[in-house]
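Colleague: Sequence:
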Amino acid sequence: MAERDPAALPLPQLRAQLREARHANALLQTEAEMLEKWYRKMEPRGPSVPLPSETRVAPPELMQTRGRYKSKLHGATDYFVGLTVEQKYELAERELTEMKDEIQRMKEDSEQTLQNLEAVIEEADIWWTDVKKAISDFEKDIISTISSKKGSIIASEKLLRYMEEKNRQRDLLREKLRLKNYLLKGYKKKLQQQLRQKERMGETLHEVRFQQLQVRNAQYQEKITEKNQELLHLKLTSGKTVQVLNFYKRKLQDAMETSTSLMKDISQRKELLEKIEREAALVEEQRAKAESVNWQLRKQLSDYGVPPVLSYVQKKAAVADLENSLKAWERKVAVAEVSKTELGVQEPGCVPAGSGSQWSRICACPPAATLGTRVLAPDAPGSRARVLTRRFHRCLAEPEALPVYRAAITPYPEDEDGG
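The working numbering puts the first residue of the sequence shown at 1, with every later residue one more than the last.
There may be inaccurate statements among the hints.
[Unchecked claim] Pair ranges (Cβ atoms, derived):
1. L195 - N167: 52 to 58 Å
2. E165 - Q194: 40 to 46 Å
3. L117 - E33: 28 to 34 Å
4. T260 - K223: 50 to 56 Å
5. N246 - L272: 56 to 62 Å
6. N25 - V131: 54 to 60 Å
7. H23 - V120: 42 to 48 Å
8. I126 - A92: 46 to 52 Å
9. L117 - Q194: 29 to 35 Å
10. S267 - L245: 38 to 44 Å
11. Q193 - L234: 43 to 49 Å
12. I126 - L159: 21 to 27 Å
Keep in mind the hints are simulated off the structure, nothing from the lab.
Where a beta carbon is used, it is the ideal one built from N, C-alpha and C, also for glycine.
Using the sequences and the hints, build the whole thing.
Modeller: In structure tokens:
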């Protein structure tokens with residue numbers, strides 16, 4: 001098929017073909033640079049062009065096909081020598097590995113440079129802080145003094161002392177850094193000696209040993225991850241356990257408070273029970289006494305005999321008569337005392353004239369054994385009246401003395417007529 005003239009193609013199609021051609025040229029240029037790089041690496045080893053795999057002659061069929069194809073473009077050739085796809089893949093893989101290693105080295109170098117820059121920045125910050133502090137101290141101690149006292153010798157001396165002090169501090173810092181540098185050099189030398197000894201003893205890490213250590217490190221990392229997961233699980237369990245423990249602690253505290261209140265209540269109830277028992281014992285004793293008194297009263301009530309009704313009536317009538325007689329005698333005594341006052345009798349207890357027979361009969365004293373009173377003189381009517389009054393009250397208390405008293409105070413007919 002005849003190729004179309006590029007001038008006859010439309011502009012968008014030409015631009016697409018141009019982009020494809022540029023992309024193919026870029027790929028070919030990259031491949032050429034990679035092959036040239038490998039060629040330059042292998043060139044010092046020998047005059048021939050070293051390749052990762054042995055250079056092989058293409059099969060006859062492939063050579064004939066390529067020969068025919070090249071004969072169309074560049075003319076006929078007898079043979080074709082080139083790289084196979086596997087060889088190109090191997091070269092590309094090695095180039096990729098080298099590029100990754102180079103990127104890793106660049107990354108490490110960048111990190112180291114970054115760390116160095118961070119250290120420099122930190123050191124610069126510290127230095128700048130010291131500088132600002134020194135400027136502040138200098139302005140405070142020197143500038144203020146110089147501005148207040150121009151041309152003063154004291155300010156100059158103070159400035160000199162300040163500079164000497166700063167120089168002394170820097171000398172001390174320099175000496176300190178020198179000692180630290182000396183110690184670090186000694187430590188570095190010691191580490192280098194240890195490294196040389198290990199190299200002589202064959203303790204340096206080879207690639208196989210390094211891979212084994214990497215595998216073991218990966219295994220340990222897996223175990224560490226498992227242990228971390230287990231530790232996290234145990235921490236969660238411990239947190240839940242602590243929560244449950246706190247809950248039961250609160251319940252225990254509430255139970256202890258309830259137990260304390262119950263113990264107080266029990267002690268109060270025990271005291272109340274003891275008090276009730278003592279009161280019950282006292283009531284029981286009182287009840288026993290009351291039962292005893294009740295039994296005695298019941299016994300007396302059962303043994304009690306009611307007196308005859310006639311005797312009661314007689315005694316009631318006798319009491320009424322006695323009351324009447326007492327009233328009569330009280331009137332007579334009052335009359336006698338008035339008469340005595342009117343007559344002006346000198347000696348108390350004398351009987352007025354004309355009344356001796358009456359008073360002698362009235363104040364006749366019964367036997368002492370009967371009434372239990374002493375006998376007064378018959379010429380003492382006032383005393384006899386008092387004795388009779390006492391006898392009357394005694395008769396009220398002792399009914400058996402009533403007949404004797406009644407017989408003693410019964411008036412004669414002539415007394416009644418005269419009264």
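Colleague: Does each hint fit the structure? Answer for all of them.
Modeller: Okay, the hints, checked on the actual structure:
1. L195 - N167: 52 to 58 Å: violated (41 Å)
2. E165 - Q194: 40 to 46 Å: Hint holds: Cβ distance 44 Å, inside 40 to 46 Å.
3. L117 - E33: 28 to 34 Å: holds (33 Å)
4. T260 - K223: 50 to 56 Å: Holds - the Cβ-Cβ distance for T260 and K223, about 53 Å, lies within 50 to 56 Å.
5. N246 - L272: 56 to 62 Å: violated (39 Å)
6. N25 - V131: 54 to 60 Å: This hint holds: roughly 58 Å between Cβ atoms.
7. H23 - V120: 42 to 48 Å: holds (45 Å)
8. I126 - A92: 46 to 52 Å: holds (50 Å)
9. L117 - Q194: 29 to 35 Å: holds (31 Å)
10. S267 - L245: 38 to 44 Å: violated (32 Å)
11. Q193 - L234: 43 to 49 Å: holds (46 Å)
12. I126 - L159: 21 to 27 Å: The hinted range 21 to 27 Å holds for I126 and L159, with Cβ atoms some 26 Å apart.
In summary, the structure is inconsistent with hints 1, 5 and 10 from the numbered list given earlier, while agreeing with the others.
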